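Whole structure, please, built from the sequences with the hints as guidance.
This is what each chain is made of:
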Amino acid sequence: MSLELLYASRAAQPDGIAVVHRDDRISHRELVELVELVAAGLAGRGIAPGDAVALLLPNNLEFVLCFHAVSALGAVLVPLNPQFKQEELEFCFRRCEVKAVITDDRCAGVCERISSSMDWPVDVITTRPAHPHMVTLEGLMSEHGAAPLAPRPADDVFVYQFSSGSTGRPKRVARTHANVRAEARTYATSMGITSADGVFCVVPLFHTYGMGCCLLSTAQTGATLVMLEDPNPFLLKRHRALDLLEQEQPTIFPGVPFSFRVLAEAPRDADLSSIRLCFSAGTALPRSTFDAFLDRFGIPVRQLYGCTEAGTLTANLDGDPVDTFASVGKPVSGVGVRILDDLGEPVPTGSIGELAVSSPALTAGYLDTAELTAEAFRDGEFITGDLGMVDDEGRVFLTGRKKLLIDVGGYKVDPIEVEDVVLSHPGVDEAVVVGVAGDNPGEELVKAVVVVTDNSDSREIIRFCRERLANYKVPHVVEFREEIPKSPMGKVLRKYLI
Amino acid sequence: MSPVAAAIQRFILAELTPGRYVKSVGYEDDLLNLGIVDSHGIIELVSYLESEFEISIDDEDLTPENFASIASIERFLAGQTATDAGLG
Numbered sequence: 000m001s002l003e004l005l006y007a008s009r010a011a012q013p014d015g016i017a018v019v020h021r022d023d024r025i026s027h028r029e030l031v032e033l034v035e036l037v038a039a040g041l042a043g044r045g046i047a048p049g050d051a052v053a054l055l056l057p058n059n060l061e062f063v064l065c066f067h068a069v070s071a072l073g074a075v076l077v078p079l080n081p082q083f084k085q086e087e088l089e090f091c092f093r094r095c096e097v098k099a100v101i102t103d104d105r106c107a108g109v110c111e112r113i114s115s116s117m118d119w120p121v122d123v124i125t126t127r128p129a130h131p132h133m134v135t136l137e138g139l140m141s142e143h144g145a146a147p148l149a150p151r152p153a154d155d156v157f158v159y160q161f162s163s164g165s166t167g168r169p170k171r172v173a174r175t176h177a178n179v180r181a182e183a184r185t186y187a188t189s190m191g192i193t194s195a196d197g198v199f200c201v202v203p204l205f206h207t208y209g210m211g212c213c214l215l216s217t218a219q220t221g222a223t224l225v226m227l228e229d230p231n232p233f234l235l236k237r238h239r240a241l242d243l244l245e246q247e248q249p250t251i252f253p254g255v256p257f258s259f260r261v262l263a264e265a266p267r268d269a270d271l272s273s274i275r276l277c278f279s280a281g282t283a284l285p286r287s288t289f290d291a292f293l294d295r296f297g298i299p300v301r302q303l304y305g306c307t308e309a310g311t312l313t314a315n316l317d318g319d320p321v322d323t324f325a326s327v328g329k330p331v332s333g334v335g336v337r338i339l340d341d342l343g344e345p346v347p348t349g350s351i352g353e354l355a356v357s358s359p360a361l362t363a364g365y366l367d368t369a370e371l372t373a374e375a376f377r378d379g380e381f382i383t384g385d386l387g388m389v390d391d392e393g394r395v396f397l398t399g400r401k402k403l404l405i406d407v408g409g410y411k412v413d414p415i416e417v418e419d420v421v422l423s424h425p426g427v428d429e430a431v432v433v434g435v436a437g438d439n440p441g442e443e444l445v446k447a448v449v450v451v452t453d454n455s456d457s458r459e460i461i462r463f464c465r466e467r468l469a470n471y472k473v474p475h476v477v478e479f480r481e482e483i484p485k486s487p488m489g490k491v492l493r494k495y496l497i
Numbered sequence: 000m001s002p003v004a005a006a007i008q009r010f011i012l013a014e015l016t017p018g019r020y021v022k023s024v025g026y027e028d029d030l031l032n033l034g035i036v037d038s039h040g041i042i043e044l045v046s047y048l049e050s051e052f053e054i055s056i057d058d059e060d061l062t063p064e065n066f067a068s069i070a071s072i073e074r075f076l077a078g079q080t081a082t083d084a085g086l087g
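Heads up: the sequence lines are chains G and E, in that order.
Reminder that position 15 of the first sequence reads as 14 in numbering that gives the first Met the number 0, one-by-one numbering, no gaps.
Reminder that position 49 of the second sequence reads as 48 in numbering that gives the first Met the number 0, one-by-one numbering, no gaps.
Simulated from the structure, these hints should not be mistaken for lab results.
Keep in mind the model is a prediction, meaning the values are calculated, not measured.
C-beta: ideal position from N, C-alpha, C; glycine also.
This list has only true hints and no planted wrong ones.
Listed below are the simulated DMTMM-like cross-link pairs for lysine to aspartate or glutamate, each with C-alpha atoms no more than 20 Å apart in a straight line:
#	chain 1	residue 1	chain 2	residue 2
1	G	Lys-494	G	Glu-481
2	G	Lys-402	G	Glu-370
3	G	Lys-446	E	Glu-14
4	G	Lys-446	E	Glu-43
5	G	Lys-446	G	Glu-429
6	E	Lys-22	G	Glu-111
7	E	Lys-22	G	Asp-104
8	E	Lys-22	G	Glu-466
9	E	Lys-22	G	Glu-86
10	E	Lys-22	G	Glu-459
Pulled a few chain E residues facing chain G out of the computed Cβ check, cut under 10 Å:
#	residue
11	Gly-18
12	Leu-33
13	Gly-34
14	Ile-35
15	Ser-38
16	His-39
17	Asp-58
18	Ala-67
This is the structure in structure tokens:
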């Protein structure tokens, strides 16, 4: 889907800048050529339509090239979080039947270990070789010439992503070329994005938010993607972020509350007057962060709401972004939002209920669990598990979650997944994982409450989790109890553990 | 390696590398490019340095240059303790 958009941008403005990354300013003409070279190299390695190809990369130019090249071949993208540990990656590789993974020297070793344990060969391709024997992206690009590729059928699967769930491991979501095409179109239309815009990219591209609001929106419109190279840890990169914002003058800045708070508290000033839209998503935007960014830079941060299953759903484009800051806005073009009660009936305007959404960008369901698909997808709508209301003007306000998910800086942590890991510790007899308030406004932390059978201390349990879980899922606090409070029916009483 | 650098190395290996399959961290190794100091790691590292070396790290000192390697952290700490001594 995405390559045909790149072809259109090349035809319209061949020398316009498509991507800014470090010292590179890649034109639309150059971007197409580089993507075609990567695609030719991958095809030469035997990657064919329908094959799953994992991208395990930080935000960088190689991610952009591989993203477009894999989809142009008709292979299925599997963008994964580079923070994932071996067990998490192996789960994703197996679920998606990954045939190749493109990664860097940080993760190449673990990918090779996973590859050696699989029942099928997994091609490990690196952008920076960790060992001389490894296949490099640069090497692949030099093996074949660039050649145009035909558009893919709309119903082909474009991407596999994993959605946090209320039970067990993350659920696999497949979205088709038609789904992501619809998302790119509706988002760009709603935001009025044109080739004159620049999108400042600090959110991870492996995540739905970065994929939709940065990669797809710029591909759709020919706007410039201004990348903060590997923005993790953002706390140390804020000076570079401010430099880039002043030098490149992007007009749209999708971030998370943490990005805006860190920039608002930066020791140096910056002129950010080029920005016309700042979006915050992933977790609720605290009023203090909104005020701090507005006071510092004169820009109101607008909330945006989306999900892995459907991409962007709503965005606050209100004429009065200050008074309406708490709203995630109205549905973007083509999206429907209804608020339902426990029986699945619509509630009156202003009443709180569960959000049900419809969108041309919505996946058909979860791939590996018919039961959860039946629960969450009804009559063309996705039942989000998020609680909220709609006001008289049609603005959506989020008020909470029906699911158990813990929101750690915008990452959704499934407590059941963490409990499974804590319970696998040999000294833990019982474990319940809950979210607790952190020190900063809106911050949520992971807490494990455990009953142990030996002398294991919190340091040992946290270390055990660190070896198996991405850092954002690891409990910040371990609380020891004699027993876990339960109802007479044996249900864990989580409210007594928070 | 100095005792200060060795202490930082021990902390990194004990707290920031589990699950990352990092067997050793050299004095000049790039902690950022290796992904050892990520968004969570920097918070833990700063907290450790502040408590272990009894210093307060200002916002303006949170730069890639100061936290790129054990060597740069050690240099930064030396500057901090010299400043603190001067103020004291």
